[in-house]
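Note that the protein sequences, when read in sequence, are chains A and B.
If you read the first sequence in this note's numbering, its first letter stands for residue 185, the second for the next number, and so on.
If you read the second sequence in this note's numbering, its first letter stands for residue 276, the second for the next number, and so on.
Be aware that a few hints might be false.
[Claimed, not checked] Straight-line C-alpha distance at most 25 Å; calculated DMTMM-like pairs for lysine to aspartate or glutamate:
id: 1; chain 1: B; residue 1: Lys495; chain 2: A; residue 2: Glu453
id: 2; chain 1: B; residue 1: Lys495; chain 2: B; residue 2: Asp332
id: 3; chain 1: A; residue 1: Lys203; chain 2: B; residue 2: Asp420
id: 4; chain 1: A; residue 1: Lys203; chain 2: B; residue 2: Asp430
id: 5; chain 1: A; residue 1: Lys203; chain 2: B; residue 2: Asp474
[Said to hold, decoys possible] A short, non-exhaustive set of chain A residues, derived as facing chain B with CB atoms under 10 Å:
id: 6; residue: Thr213
id: 7; residue: Glu260
id: 8; residue: Val336
id: 9; residue: Glu337
id: 10; residue: Thr380
id: 11; residue: Asp383
id: 12; residue: Ala416
id: 13; residue: Pro417
id: 14; residue: Gln420
id: 15; residue: Glu441
id: 16; residue: Asp445
id: 17; residue: Pro447
Keep in mind the hints are simulated off the structure, nothing from the lab.
For every residue, glycine included, the Cβ atom is placed at its ideal position computed from N, Cα and C.
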Amino acid sequence: MRPAPLPRDDAPMVGLGLKTQHVAQVLDTGTAVAFFEVHAENYMVDGGPFLRHLQRVRERWPLSLHGVGLSIGGSEALDRAHLARLAALIERFEPAWFSEHLAWSSHGGQCFNDLLPLPYNASSLQRVCAHIDQTQARLRRRLLLENPSTYVEFASSTMGEATFLAEVVRRTGCGLLLDVNNAYVSAVNHGRDAWTVIDALPAAAIGEIHLAGFAEDRDGLGARLLIDHHGAPVAQAVWTLYARTLHKLGPVPTLIERDHDVPALSVLEAEAARARALQDGVAPLAGQADLAGLTMAEACA
Amino acid sequence: MMQALAHATTHAFAGALLDSARAVPAGLVAWNGSDPGLRFAVHRNNVRVSLVAALADTFPVVRELVGEEFFTAMACRYVADEPPRSPVLAHYGEGFADWVRSFAPAAGLPCLADLARLERARVRAYHAADTPTLGTDRIAALCADTALLPQARLDFHPSVSVLVSSHAIVSLWAAHQGRERLQAVQRDRAEAALVLRIDDDVVVLRIPLAAADFYRRLQKGQSLGEAASVNDVGFDLSESLATLIRHGALSAWHSPE
């Protein structure tokens, strides 16, 4: 395989999640988006069309490999077999980015297919850092850790999510995948200001951004309870936060996520174009960032 | 001490996810003092809905046969009894057919478990390894030495499954594809299927029961001669072999030295 070249850190670029409904169209007629992202676990199969199609996509576009099953926030040891499967995918497809979540998804041999929350305290910090150290050593690459959507908090938490993430970055050298939708969902669900949370993250560590849609519910007291379901267009409040984030960071590779009620490719391309226009508005002049020897993200940190 | 506490917290959380009768785990809070149980329910719902959806994707004909409401209730029970053991959901539902067989509310539909086996075999075929198949030219050359033929042993392609049922599972599956009424299919008739992937498509071939018996003997490692010595009524050796060759169901042919 001759993979498409890896992207520059500071180039404006917007990608889409690769959906099985769109693969044939993407391969036949192409698309203007700059990269594709896939859930790693969907490709942990022996063979068949999924892997064949991904190979053809990878020959033309950079790839972001997004794990949803490593359970980095779990209280048990990481699954070494799962790490080996990730390593094999990374070796085969040479993704530009590999990301996972600040969450857990399996326990006691059972897998829940959901990203579950953890308390933020000294004990969980130590465990998460150990898991990230192990993952980065095994995969021989930097991991981007995604901030989660959460619905409950723990009485045993002693620090906020941004403080926790900043400390993980400092101790492990991992990067961050800033999911602006998750930041908004969690801020609303816990009565906080979303921009304050985003602004408190270590800016230079943010290597990718996710944008998605949420569903809206109410909690027991009638307060807004937002559900991260990836089944709707990106909300206006999230676009506003995204624009503000770009203003601070400069262009960061950005993904439009849609996993349910997947619309026509053209609808997602239009959302990608909107994100791209916002990136172009804050793009550095050609060569400027290179001359400075800094990525835009670092320059703005 | 702190790690043990963290483990206990996760353990309680995990246990309550799959068992809605269990109390909401202690130690959860909400910023506005609202009931954390209603918020925890978001996770219970995510787990149940996403895993039931995964099963619905794998078992569309079972779902059509029992109806959406029954399927969802049945799948919820399965998810609680046998949650995934791997984060790779392509493997989920491997034990569904056996579980369905002992699911009392479905006892009135004895074909259901075998139908589930057929649908699971299709997913397995779709994701099976891309082992090259034996071409017809190669097989023709191997067959030329008729003296060695009875001792030959054959490997099936990893995508191949051979299924035999005392119910009309192939007809039910075909009716679903053709948008015919599943209820109109006469079910109490034994049928056998050869499931395999051809290029990007998984096919379900209706095969004679005798051919299925022959293929299963080959899969167990019997030689061509041993497997062909079945006394099944209507067994046609050359036609049974031709089916395997024509559809690329073989990946290796071991002739004796």
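Okay, the hints, checked on the actual structure:
| no. | hint | result |
| --- | --- | --- |
| 1 | B:Lys495 with A:Glu453 | 51 Å, violated |
| 2 | B:Lys495 with B:Asp332 | 31 Å, violated |
| 3 | A:Lys203 with B:Asp420 | 50 Å, violated |
| 4 | A:Lys203 with B:Asp430 | 34 Å, violated |
| 5 | A:Lys203 with B:Asp474 | 20 Å, holds |
| 6 | Thr213 | 18 Å, violated |
| 7 | Glu260 | 8 Å, holds |
| 8 | Val336 | 4 Å, holds |
| 9 | Glu337 | 5 Å, holds |
| 10 | Thr380 | 14 Å, violated |
| 11 | Asp383 | 19 Å, violated |
| 12 | Ala416 | 16 Å, violated |
| 13 | Pro417 | 21 Å, violated |
| 14 | Gln420 | 23 Å, violated |
| 15 | Glu441 | 15 Å, violated |
| 16 | Asp445 | 12 Å, violated |
| 17 | Pro447 | 18 Å, violated |
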